[in-house]
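If you read the protein sequences in the order shown, they are chains A and B.
Quick note on our numbering: the first sequence kicks off at 1 and runs consecutively.
Quick note on our numbering: the second sequence kicks off at 1 and runs consecutively.
It is worth saying that the hints were derived from the structure and are not from the lab.
One or more hints might be untrue.
Claimed, not checked - As a list, the in silico BS3-like pairs of lysine-lysine whose alpha-carbon atoms are at most 30 angstroms apart:
hint, chain 1, residue 1, chain 2, residue 2
1, A, K287, A, K34
2, B, K169, A, K287
3, B, K101, B, K153
4, B, K101, B, K169
5, A, K34, B, K169
6, B, K153, B, K169
What the hints assert, rightly or not - With beta-carbon atoms standing in for the labels, derived distance ranges:
hint, chain 1, residue 1, chain 2, residue 2, range
7, B, E165, A, D275, 35 to 45 angstroms
8, A, R181, B, N222, 42 to 52 angstroms
9, A, T236, B, K153, 53 to 63 angstroms
10, B, N156, A, E146, 43 to 53 angstroms
11, B, A13, A, P4, 49 to 59 angstroms
12, B, E187, A, Q84, 20 to 30 angstroms
13, A, G319, B, E65, 55 to 65 angstroms
14, B, N62, A, A32, 41 to 51 angstroms
15, B, R14, A, R101, 57 to 67 angstroms
16, A, N2, B, A13, 50 to 60 angstroms
17, B, K153, A, P4, 20 to 30 angstroms
Ideal placement from N, C-alpha and C gives every residue a C-beta, glycine not left out.
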Amino acid sequence: MNDPPAPAFAAIGHQESWSQIEAMLQALRAPAQKPLSAVQIRETVPWIPPRTVGRLQVSAPGGIPVHGIYVETFITPSELALRQTNRMLGKVRDGIRAAQREGARLATLGGFTSILMESMAEEAPDGIALTTGNTLTAALIVRGVERAAGLLGRGLADETLLIIGATGDVGSACARRFAGRTRRLLLVARNRQRLETECATLRRSCDAAASTDVLEYLRQATVVISAASTAQPEFTLDRCALNAIVCDAGYPKNIRPPSGAPRRHVFWGGMGRLDGGFQPQGTLCEKFYTFPVSDTAHGCMLEGAVLAVNNRFEPFSRGRGHITVERMEEMWLLADRAGVTVAPLFNGDGLWPEEVRP
Amino acid sequence: MSSTYASASELTARQRSVYTDILSQAITGELVGMANYAAMVRLYSDEESQRDTLIRATSELNHSERFRRVARDLGMTPIVNLEAPYWNRIRSVFLEYADAKDLVACLLIQEVMLESFAYSMYHAVADVACERLSTIFRAIGNEEDGHVDHAVKYLNAALTADREEFENKAERVHDAVMTTLAEMLGENDSAGHCGLCSGSCVKGALDQVGLDRATLRGLALNRYLSTLDRLGVRGERSLAWVARLPM
Numbered sequence: 001m002n003d004p005p006a007p008a009f010a011a012i013g014h015q016e017s018w019s020q021i022e023a024m025l026q027a028l029r030a031p032a033q034k035p036l037s038a039v040q041i042r043e044t045v046p047w048i049p050p051r052t053v054g055r056l057q058v059s060a061p062g063g064i065p066v067h068g069i070y071v072e073t074f075i076t077p078s079e080l081a082l083r084q085t086n087r088m089l090g091k092v093r094d095g096i097r098a099a100q101r102e103g104a105r106l107a108t109l110g111g112f113t114s115i116l117m118e119s120m121a122e123e124a125p126d127g128i129a130l131t132t133g134n135t136l137t138a139a140l141i142v143r144g145v146e147r148a149a150g151l152l153g154r155g156l157a158d159e160t161l162l163i164i165g166a167t168g169d170v171g172s173a174c175a176r177r178f179a180g181r182t183r184r185l186l187l188v189a190r191n192r193q194r195l196e197t198e199c200a201t202l203r204r205s206c207d208a209a210a211s212t213d214v215l216e217y218l219r220q221a222t223v224v225i226s227a228a229s230t231a232q233p234e235f236t237l238d239r240c241a242l243n244a245i246v247c248d249a250g251y252p253k254n255i256r257p258p259s260g261a262p263r264r265h266v267f268w269g270g271m272g273r274l275d276g277g278f279q280p281q282g283t284l285c286e287k288f289y290t291f292p293v294s295d296t297a298h299g300c301m302l303e304g305a306v307l308a309v310n311n312r313f314e315p316f317s318r319g320r321g322h323i324t325v326e327r328m329e330e331m332w333l334l335a336d337r338a339g340v341t342v343a344p345l346f347n348g349d350g351l352w353p354e355e356v357r358p
Numbered sequence: 001m002s003s004t005y006a007s008a009s010e011l012t013a014r015q016r017s018v019y020t021d022i023l024s025q026a027i028t029g030e031l032v033g034m035a036n037y038a039a040m041v042r043l044y045s046d047e048e049s050q051r052d053t054l055i056r057a058t059s060e061l062n063h064s065e066r067f068r069r070v071a072r073d074l075g076m077t078p079i080v081n082l083e084a085p086y087w088n089r090i091r092s093v094f095l096e097y098a099d100a101k102d103l104v105a106c107l108l109i110q111e112v113m114l115e116s117f118a119y120s121m122y123h124a125v126a127d128v129a130c131e132r133l134s135t136i137f138r139a140i141g142n143e144e145d146g147h148v149d150h151a152v153k154y155l156n157a158a159l160t161a162d163r164e165e166f167e168n169k170a171e172r173v174h175d176a177v178m179t180t181l182a183e184m185l186g187e188n189d190s191a192g193h194c195g196l197c198s199g200s201c202v203k204g205a206l207d208q209v210g211l212d213r214a215t216l217r218g219l220a221l222n223r224y225l226s227t228l229d230r231l232g233v234r235g236e237r238s239l240a241w242v243a244r245l246p247m
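Kindly produce the complete structure, drawing on both the sequences and the hints.
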């Protein structure tokens, strides 16, 4: 009796910053209560088991609403920074179990949860399909770069594209998609062997070069996709070419435009917007998961909704390095049917001026 | 898990004092548990459940006796005080629900809240204590684990029958009991002296034996929330409850 509707999908994730976690907890406290201190929050949050913190519904334009949940793993920024892998993996598994308890048929793994599961190559538990969300993320990054070039009146065929994290699931997908569509492709990753293999394959269809040193290529690149997820940024923007388009596609988003020197065009990549909006509004999630554009979410979080709306309860994105151009196109069609589009471009300072100009 | 100290004879006077205060809490808590189970007997209508509940009351008494024995063997003199302010407050809340013949509320208090607290504290102590103390705390901690299993089945059925009513009741019980438990493990003592520590508050000296207040509190919170999850309480609801707790 009076049970919430069983969710078709679950989005499993974590917060990028302590301020988001603080916003979540403060929103739950009574207005008369003294706000929690930073120490109190840091002492408490790591112990909270993964759990549903939000319920939502999405629907294709004119379609039947599909119910979903957001499961917060409470993987903390400190655990991420210290790379406490076993502890974080335990939380991811508990997050999946929380989604299972609710009856979700599909779970999409957001942020570092997908990175952890990619490398572990674990089988999904019975009754729930797991998808990393990386195909939609990659597709949204591609669309975002195309949108940025369009807004700035530039053609990608003339650009030198640098992909940082080029051997990762998302980075390699972007490299395959942009091969032959830009003037030159520069690839950077930490694992030299994987990088050389990736580059050799791409060289068959385009002009590509590879390095393990970001700074070697940074000045040459006119477009940068940073798909390496690290707690600290791999470079500072003053090392980039003037007027470079920089897609911050990592997690957490940590590349900030230099203050007072807006000569590089930074945007948060992989962000999608749900045309029909998330329902209901005014939920807890809105207290800590907010962006300059409403109804926006990370692609990895949206992939579960897209698949559920399309009745595709399957591990669409799995493992590492399997995202083909065709799979991205297929995902894009599914996203289109679910009313998911690339979000207007923004960064930590707000919406791009080019997005608001008439 | 390995113990920090192999033998009780290696303990410093300060460490012995800390363990004595911990034993005071454990013995008093077990006796409160015994009294709670005894009061619950009449809430069951069938003989089998009444007998099972009496066995649990006896088991709690047995735990307190085992803690007393080990304290005596180690030359420690714990304080046993059922009128200690925090425990008395919890016991009073329990009795209100027992008088109202509210078995669900009583089970939530005893088998979810107090047992979560006991289980996590006992295992944390077992991980750092000398062999003699470690063995007893771990053994009793494991026995407490079985109590929760029994309650989960009954409480889950109550939740399935009417989720909204169950969760509303659990919230009321939480506010009354978990607030007190949180204060016991909080930074500051709202009730003044707890009535069980032999000197000043033991919380400030836990580091002497490799424990700390925040970790004990975190472990108890984790266990409590995980048990609520097993019952089927919505995650967002129980999160809101714990977010309101005193820190």
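We went through each hint and held it up to the structure:
At roughly 18 angstroms between alpha-carbon atoms, A:K287 and A:K34 fall within 30 angstroms of each other, so this suggested pair holds. In summary, the hint linking B:K169 to A:K287 is supported, as the alpha carbons are separated by about 27 angstroms, within the 30 angstroms threshold. For the hint linking B:K101 to B:K153, the alpha-carbon distance of about 19 angstroms falls within 30 angstroms, and the restraint holds. For the given pair, B:K101 sits about 14 angstroms from B:K169 by alpha-carbon distance, which is consistent with the 30 angstroms threshold.
Annotation: proposed proximity of A:K34 to B:K169 holds, straight-line Cα distance about 25 angstroms (limit 30 angstroms). Taking the CA atoms of B:K153 and B:K169, the gap is about 17 angstroms. The hint holds against a cut of 30 angstroms. For the hinted restraint 35 to 45 angstroms between B:E165 and A:D275, the CB-CB distance of approximately 39 angstroms keeps it satisfied. At roughly 50 angstroms, the beta-carbon separation of A:R181 and B:N222 lies within the given 42 to 52 angstroms, and the hint holds.
Restraint check, A:T236 to B:K153: a C-beta distance of roughly 58 angstroms satisfies the suggested window 53 to 63 angstroms. Between B:N156 and A:E146 the beta carbons are some 51 angstroms apart, a value that agrees with the proposed interval 43 to 53 angstroms. Roughly 56 angstroms separates the CB atoms of B:A13 and A:P4, a value that falls within the hinted 49 to 59 angstroms. One distance hint, 20 to 30 angstroms for the beta-carbon pair B:E187 and A:Q84, holds here, with the actual separation near 25 angstroms.
Distance hint check for A:G319 and B:E65: the Cβ-Cβ separation is about 57 angstroms, which falls inside the suggested range of 55 to 65 angstroms. In this structure, B:N62 and A:A32 meet the distance hint of 41 to 51 angstroms, their C-beta atoms being roughly 44 angstroms apart. A hinted range of 57 to 67 angstroms is violated for the C-beta pair B:R14 and A:R101, which are about 45 angstroms apart. In this structure, A:N2 and B:A13 meet the distance hint of 50 to 60 angstroms, their C-beta atoms being roughly 57 angstroms apart.
For the pair B:K153 and A:P4, the beta carbons lie near 22 angstroms from each other, so the given range of 20 to 30 angstroms is met.
Hint check: a violation occurs at hint 15 only; the rest are consistent with the structure.
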